[in-house]
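Asker: Chain S: place on chain B using the hints.
Chains B and S are the protein sequences, given in the same order.
At position 130 of the first sequence the residue is numbered 130 (the numbering used here), and the sequence of numbers has no breaks.
At position 106 of the second sequence the residue is numbered 106 (the numbering used here), and the sequence of numbers has no breaks.
I should point out that these hints are in silico values taken from the structure, not numbers from a laboratory.
With a cut-off of at most 16 Å between alpha-carbon atoms, the simulated EDC-like pairs for lysine to aspartate or glutamate come out as follows:
#, chain 1, residue 1, chain 2, residue 2
1, B, 177, S, 287
2, S, 149, B, 147
3, S, 274, S, 234
4, S, 177, B, 287
5, B, 149, S, 148
6, S, 149, B, 148
7, B, 149, S, 147
Protein chains: 2
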Amino acid sequence: MGKYIYGVDVGGTSIKMGLFNYEGSLLDSFQIPTNKEDNGNYVLFDVTKALNTHMEEKNINKDEIKGVGIGVPGPVSEGIVYGCVNLGWGTVNVKAELEKLLRLPVFVSNDANVAGLGELWKGGGAGYKNVIFITLGTGVGGAVIVDDKIVDGFVGAGGEIGHSPTITDGFKCNCGKTGCLETVASATGVVNIAKKLLQETNIPSTLRSVDALSARVIFDEAKTNDPLASEVVEIFGKNLGFVCAMIGVVTNPQAFVFGGGVSQAGDIIIDVVKKYFKQYAFPRIAETTEFKLATLGNDAGIYGAAYLAKENN
Amino acid sequence: MGKYIYGVDVGGTSIKMGLFNYEGSLLDSFQIPTNKEDNGNYVLFDVTKALNTHMEEKNINKDEIKGVGIGVPGPVSEGIVYGCVNLGWGTVNVKAELEKLLRLPVFVSNDANVAGLGELWKGGGAGYKNVIFITLGTGVGGAVIVDDKIVDGFVGAGGEIGHSPTITDGFKCNCGKTGCLETVASATGVVNIAKKLLQETNIPSTLRSVDALSARVIFDEAKTNDPLASEVVEIFGKNLGFVCAMIGVVTNPQAFVFGGGVSQAGDIIIDVVKKYFKQYAFPRIAETTEFKLATLGNDAGIYGAAYLAKENN
Chain B
1 MGKYIYGVDV
11 GGTSIKMGLF
21 NYEGSLLDSF
31 QIPTNKEDNG
41 NYVLFDVTKA
51 LNTHMEEKNI
61 NKDEIKGVGI
71 GVPGPVSEGI
81 VYGCVNLGWG
91 TVNVKAELEK
101 LLRLPVFVSN
111 DANVAGLGEL
121 WKGGGAGYKN
131 VIFITLGTGV
141 GGAVIVDDKI
151 VDGFVGAGGE
161 IGHSPTITDG
171 FKCNCGKTGC
181 LETVASATGV
191 VNIAKKLLQE
201 TNIPSTLRSV
211 DALSARVIFD
221 EAKTNDPLAS
231 EVVEIFGKNL
241 GFVCAMIGVV
251 TNPQAFVFGG
261 GVSQAGDIII
271 DVVKKYFKQY
281 AFPRIAETTE
291 FKLATLGNDA
301 GIYGAAYLAK
311 ENN
Chain S
1 MGKYIYGVDV
11 GGTSIKMGLF
21 NYEGSLLDSF
31 QIPTNKEDNG
41 NYVLFDVTKA
51 LNTHMEEKNI
61 NKDEIKGVGI
71 GVPGPVSEGI
81 VYGCVNLGWG
91 TVNVKAELEK
101 LLRLPVFVSN
111 DANVAGLGEL
121 WKGGGAGYKN
131 VIFITLGTGV
141 GGAVIVDDKI
151 VDGFVGAGGE
161 IGHSPTITDG
171 FKCNCGKTGC
181 LETVASATGV
191 VNIAKKLLQE
201 TNIPSTLRSV
211 DALSARVIFD
221 EAKTNDPLAS
231 EVVEIFGKNL
241 GFVCAMIGVV
251 TNPQAFVFGG
261 GVSQAGDIII
271 DVVKKYFKQY
281 AFPRIAETTE
291 FKLATLGNDA
301 GIYGAAYLAK
311 ENN
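Bound conformation, chain B alone (with noise of 0.2 Å):
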C-alpha cells in the first residue's frame, strides 16, 4: 500500500500538482503549463510525463503512490468528462485514459468541486455543512455542498454556477449561450466588462492608458477609487450577488466561499458581492449568509483532488 497522493488540478492556464501524505499535508508542489494544441491533446501525457518525472527525481515507487485525484474544468460523471471548453476537449475518459498512462488508480471530478472539497477539508469551508465554493478563475466554478457532500447533479452539472444566467446581457460564453455568469464574473469577465466600458461610455479612468488590461489591475485601480473600474466592481457584484441570491432560496447554504485569482482581490470581492446579495435575497436568507474568502488560494484544487484519492480508494 502507498504512503503518498497526488492531487492534479487542470486549469486553462496551468496545470497544477501536488503531493501530499495521508494526514493531508502538502509535501511538495509543481506546476507546467496548459498545453491547448490540438484541442488539448496533450493534457494528459503531459501530466503523465510531469508526474512521472517528479517520482524519479523524489525517490518514489510507483507502488508507494495510494492514487491519483485530478480535477478538471468541465461536467465530471463517473470519471468521464463531458466537455471541457476552456481546454478545446470533447467527451473524455479522463479515470481510464490517465490510468493507463500512469498506470496508477485516477479518481476524478470538476475542477471546481475538487477546489471546494480542498477548501472544506483543509481550507475555508472547514466547519461548514451546507456551503457553496464559487472559484472566480479563468472561468467561474462552482461546489455545491449539502450536508458534507458533493452535489454532482444528474448528469454531473451540479454546480456549474459560472452557467448560470444571470441579469446584464453579458457575452458570449465558451458554453455556446451568451449571457453566462462566467462571462461577467471570471478574471476574462471582468476585463470584458472593462473593454466595453472603456469602448462605450465617458467614464474617466487610468485604466485607459493601461496596455494589458487583467482583473488584476481593474480591482487594484477600483481599491483606489477609479471611477470606470469601480462601475466594473460594481456590475461584477451585481450579477454575482443576485446568482447567490438566487442559489440562497435553492439550497439555503450557511456560507459562500470565493476562490480562485479573482477573489484574491480580497474584501472588496466580498463586500460588493454582499450589497448585491443583500438587495436581492430573501430577507431572512439576507440577514443569515455568512460571505467567507477561501484560505488555499490555488492550492484548493491539487488538496481536494487529493482528498478525492485518499476518500475514494
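Answerer: Chain S in isolation, oriented as in the chain B frame:
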C-alpha cells in the same frame, strides 16, 4: 400504537386534511377555509377542532392515530415556522402549539416541501432521486430533493424558490422585496401581469370584458390564442424558465415537477417553461432535464404531510 395518520396542508385560502393508513391509501379527505383574521391566530385551533370532529364522526380513538403531519406556508426548522406571510403569522412554534391542542405527535414542514414529499411518495416524482418540485399556487413554493432527501437549508429556507430574484421587473412581494418569482408565477402573479398589460397596452383581449380575472381564465384564454393572455403566459414562462435554468446549474436535477392550482392548466405550462429553459440553460442541462406535471393535484400536500408523520414517528 395507532394505525392511522392525518396529513394537514395549510394554504392561504383553505386547509386540507386527509386520513391515511400506513400504506399511503387516502381513506378520507376534507377541508375548511383558512381564517386569516387576527393574523391567522385561529388557524391551529380550527385544525384541532376539525380533526377532533372528524375522529368523533369516524369513531376513531386518539390512540389509533400514529401522528399528524402538517405543511405550513413558510420556512420551517425543527417544528418552528419563521413567518408565514400568507397567513399573517410571525414566528410560530407549530409543533409545540398543535401538540398541546391536539395531544398527538405533530410533525411540521414547509408546505411546498410536504407537497414534494407527497409527489415523491405516491405521485409524479416517484422514481426520481434528484428532483425539484415547484408548487404554483396562491404563492410559489418549492422542494429541492437531492438523493431522495429534502434539502431544508441552514435556516429552513431551502426550496423557497418563490422568493428567487428573476428577470422581469415583477411586483411588490409579501416578503418585503420586489420582483420575487412568486410575484409573476403564482396564481396571483399571473393575474398581476394580466392587469398590468390590460392597463398599459392596447393588446386586444377577451380578458378586457372579464370581471373576475383568475389564473384559470387567463390560461384558458391563452389556449384559444387570445393575444394578451398569450403574452401573460410568455412572461410567466420566461421567468419560470429562467429560474429553472439557474436551479439547473445548482443541483442539476433530473426533473422539474410542477404542482399547485396553476399547474392544472396542464401542458401549456410545461411547453412555455421548456421553451425558455432551453434558451437560458447550460446546453448539456437543457438537453437532459425533464419537465413533468404533478399527479396528486391538490392532495400532494396531505400525502406528503402524512408521509412526514409516518417517516419521523
